[in-house]
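Each chain is listed here by its residues.
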Amino acid sequence: MSILPTSRRARSATGAGGAGGPAPMRLAPREGEVIDRKRSVEFRWNGTPYTGHPGDTIVSALAAAGERVFSRSYKYHRPRGVLTASYLDPGAMVQVGDEPNVRAAHRLVAAGMDVRSQNTWPSLRYDVKAVNGLVERFLATGFYYKTFIKPEPLWPLYEKVLRTFVHAGEIPPDSAPGCYDQRYAHPDVVVAGGGPAGMAAAVAAARAGATVMLVEEEHQLGGHLRFGGPAERARLRELAAAVAAQPGIEVLTDAVVEARYDDNWIPIVARSLPGIDERLIKARAGTLVVAPGLVERPYVFAGNDLPGVMLSTAARRLINLYAVRPGHRAVVLTANPEGDAAVADLESAGVEVAAVVDARRGETVTAAHGRHGVRAVELGDGRRVEADLLVTAVGWTAPTSLLNQSGDQPVYDPRAARFRPDPARMPDDVLAAGGIAGDGDLDQLVAHADAVGREAARRAGAAGGAGAGSAVAVPSLAVDEHPELFSAGTGGFVDLSEDVSAKDITTAVAEGYDSVELAKRYTTATMGPTQGKLETVNTVAILAAATGRSIAETGTTTWRPMYAPITLGALAGRPHQPVRYSPMQPWHERHGAVPLVAGQWIRPEHYGDPAAEVTAVRTGVGIIDVTPIGKLDLQGPDVAKLLELLYVNKWQKLGIGRVRYGVMCAEDGVVLDDGVTGRLGEQHYLMSTTSSGAATVWEWVENWLQTAHPDWRVHVTPVTTAYASINIAGPRSRDLLARLTTDVDLSAEAFGYMNVRTGTVAGIADCVLWRIGFTGELSYEIHVPASYGLHVWQRLLDAGADLGVRPFGVEAQRVLRLEKGHAIVGQDTDGLTQAFSAGVDELIKLDKPDFLGKPELVWQHQRGTHPRLVGLQPLDGSIVPPEASQILDRAGGIAGRVTSSRMSPTLGRAIGLAQLDPELAVVGTHVTVRLPDGSDVTAEVTERVHVDPQGERQRV
Amino acid sequence: MMLLPCPWCGPRHAGEFRFHGAAGTRPDPATTTPEQWRRYLYVHDNPRGWQTESWYHSAGCRRFLTVERNTLTHEVRSARDTQLDAAPNAAEDAR
Amino acid sequence: MSEETVPLARSPIATDPTVVVAGWEVCARVSTAPLTLSDETPLAKVLVRAPFGGAARDALGVSFGRTARVGLGTAGEVLLVGSAPGEWLALGAPGTAAAIRAALEERLAGTGEFVSVLDLTHGRALVRLHGAAAPVVLAGVCGIDLADHVTPDGTALRTSVAAVVTDLVRDDDGGVRSYLLHCERSSGQYLVDALRDAGSPSGLEVTGFRGLVPSSA
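Chains as they are written, first to last, in full-length UniProt numbering: chain Y, 1 to 956; chain Z, 1 to 95; chain W, 1 to 217.
By construction, these hints were calculated from the structure, which means they are not laboratory data. Computed from a predicted model, the values in this text were never measured in an experiment. From the three backbone atoms N, C-alpha and C, an ideal C-beta is built for every residue, glycine too. Every clue listed holds true.
For each label pair, taking beta carbons as the anchor points, the in silico distance ranges come out as:
1. R38(Z) x N703(Y): 16 to 22 Å
2. E667(Y) x P11(Z): 29 to 35 Å
3. D45(Z) x G112(W): 40 to 46 Å
4. H591(Y) x V19(W): 21 to 27 Å
5. R739(Y) x V19(W): 27 to 33 Å
6. V19(W) x E842(Y): 51 to 57 Å
If the Cβ cut is set under 10 Å, some of the chain Y residues that face chain W in the computed set are:
7. Y184
8. I276
9. V579
10. Q585
11. W601
12. Q635
13. G636
14. Y723
15. A786
Extracted from the complex, chain Y is given alone in its bound form:
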């Protein structure tokens, strides 16, 4: 009898599974099937049209059509078919449209889907790269450490070649952006797993008053009940009805609990939601119930990766959920009742069961033979049976990852041949239910889960306060014996996703990588998309055998988030990137301001001609929007003490209406921030900070008040954005401002340099007017209640039209202050610049008993070896060295760097500031500046102030 798969003949004859053609492996309607035969879904697989039904997965529809090969493996490009018929199936990763790495045994077919195999050339059937089965010795375990190393100049070629062999999909560059979403949730109980235990626990918890989130990876609730017999299906209907009828349960299907972080911070990725690709639910749960069931384990033997070798649960899923016959003639290796049940299901599906190999009687399978699929199976007794299907049922793995993440350390039970949770190490807010906790018949598992659900609700404090009432008595579950079956010892693959063979594990041990953590990293076993759920126990077993240790002694690797691979889109969710705008922003936008991103702020960099803006300020009047400047309102009897502590200079004698410039340092003497502070009243001051330092300084001030001087009475209120701040600068600034203010005497005698007044501007009361420097011209900085900022800005421009007023931006301001030698904290200073290197020597009052950073400044001053902030002018005034250009010492080493550098429109030449070692920091010295292109220019060290050195223009 020929067991040649009929698919090839059928397809060529009738286009089976293609549009309109019959699907040769589809069975007659069965109870419990999840497909809707009344409707059809048409899709394409590698360009060929196929038809499925709603409810089919991509794999089930293709399998119904007789397809058996869905992918080529990672390294060796071996043909792969169905192994698990579930989300975890390693041979079923495909490209759907522009989405790579889709789990084809989980993704439902949809009309018009364009499905393609990944990284196969020229086709899935005849993949040329499979030739690397012949060059296996070059791709043996750890090959990236051993081969493709020398000669080094060939690395770019190696990379190019290796990259083309990587088993992954494609993301086309013109792919439309996905739509992702996020949501916070606060359920009392999260139940991870919607099988019988999960459903029972959810219902019990909700009945006890808890809000419950029931999360299931498949598209329906039910777990293994879905593909069980009539008794299981009946129980499924009962439990599903109970869930539906019970208020307080939010059911999420096609969703995964991805991790458990401290205090039950639980991310859940939900798919199949209308209008969005994925939603990330960030849940803070009272209690987590882990009920993922058990994952069937593959058996390791020669040929175990051939299409046609599958788990008993795969065969039962295909038959009972999708009405698909998995093959024609089967050998079944069974070690448990589920395997026995699979034999019955196969027979009911018309599969000829040629041999039942019972591992409980010591029988075994040693090899599967075939090239593109199984053709014959070799048994332990030497018999060779012709078959196109080999079904194995050799054991169960507990997917304990969420428990591990909760701090548990599951223990291997050799009697049960699986790991089990250690109740002693579980935190109070995590419980386990279902197969992962123990065995039993359905009644026992459901009763156990019911008690767990009630206890979970109680611990979450549902309806009555945390821990109300006495603990629920949770019955214990027995644990069934199961033979330990991991490897036949005849070779084969341990990790199908990573193409790691049993031999690779023993090779790793021979090379010295004999601990489980080392062996994992060296071989990459368990590092694939299934993350060890199918591989870890077999890997550990083979490792244990190779090192002469027990599985318990060998242990497992550490399970970390995420439980299932997660997309970057889901993690990003809705991008939340705050943006801050000044009240004058609408005007800036309408008048051609070039936006500058400064931290979270959008500011005008210039309005088209920054050099002209500079000139306007020097010769007439300009206005700049400086709203982002930090402003702190300080009130209380102890403000002066606070200022004395924070700043390097003295503040006790600052009179009302006076303003002083201050520099503050951190305790290491490094310059933290600078700004002017003015005294508005007896106990009322207004401090300004740099715009980027506003938040930092506020926290800094609060820290010193709350933790170091709790008895000082100071109230600090940020008013950075309560005021729109406008700096009016230039020889005509007084004229302009005078036109708009009536209740403040702006004359030089009444309102001198470094003073502050309050008054009305352009009809707006409660403005603060400062007469301060920075640009070096006569200037006034007005702080206007922010809601009127746009009004005042517009009035200034209207009132000053005949004075030639124009707006200027951040760039012009940078040039203006550079012409005056003003340092900018964070640009002319960095994270190591202590105050004596910031050009503010006169400000630092070391005779003060204490201020923040004083000890370090005393020592800096004593050492005297610190860099100085100097002015710099290239001899060739047309060359503007880029900022951060290095300055060389005589020996060619680094003596400093250019910190600020611009072309000065006022002087018509390049000017700058630099940090420079003291030996060279003498006015008149010529230094060498190394430009980024490697060339050198000579520059002269000058005074920092390049324009109006006496500073007369700002004191008029």
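Given the coordinates of chain Y, work out where chains Z and W should sit on it, guided by the hints.
Frame of chain Y, contents of chains Z and W only:
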């Protein structure tokens, strides 16, 4: 992420806070040596177990809190308002 | 833009079409949708700093985390919010900030405690999210449990909303869920954009300035 039991706001996600390190005693600036000062700045204990540390509830009440946390288990056994603890009368404003 | 004879106050939240109410340029739209977002920035906002518990706190009559409607005589009725330890915010009708300030200073003068009163009207962007589905909208941008038993009507708290530090005040209106949210002014536009993005699947609509809801008689 762990919950921090802010004494004012109740348990909140740790991301609402900024960690300000283990409390250290500031040496007297008038008499300190460079070694003592730098030890204060840079050399901190790193205990495996309970640590007393300062947290700032930046996205909440904006109070500095003194927290006792176990660096191994993330248990928090106390979280108190630093200023209130140190000068309860000042916060109550004794005349 | 031409000269304004009467200065116009503007919110940081862009809107169109506009109308002028109490000297403020506000949104002219009126929506009857069950879920709405309105810009309440024109409300007067006065900040009080005082010791956490003491005579001043007693004089104010509101503790941290709670709200109350308080009559301030000629300054009118304000919503007094215990927004942080030792910090209260009084919300009142547009244009009444100076009167509220004076009334509060008077009320607190007799305590002899260290007290500051500041006009923060222009320093905060303030919106009202109104409708039964408001918690669903907020669940997209805010990690606070908004269930009734955790944050009942009259709760005041501060947290992170769409990555901006925001004050959240539950102020139900006629039995309908309603929240005031406010943040430092310059982030107002961003906060509204984030709320509208989170609210669009629930049918959130923008509506015009409503003003303070008076306490039920």
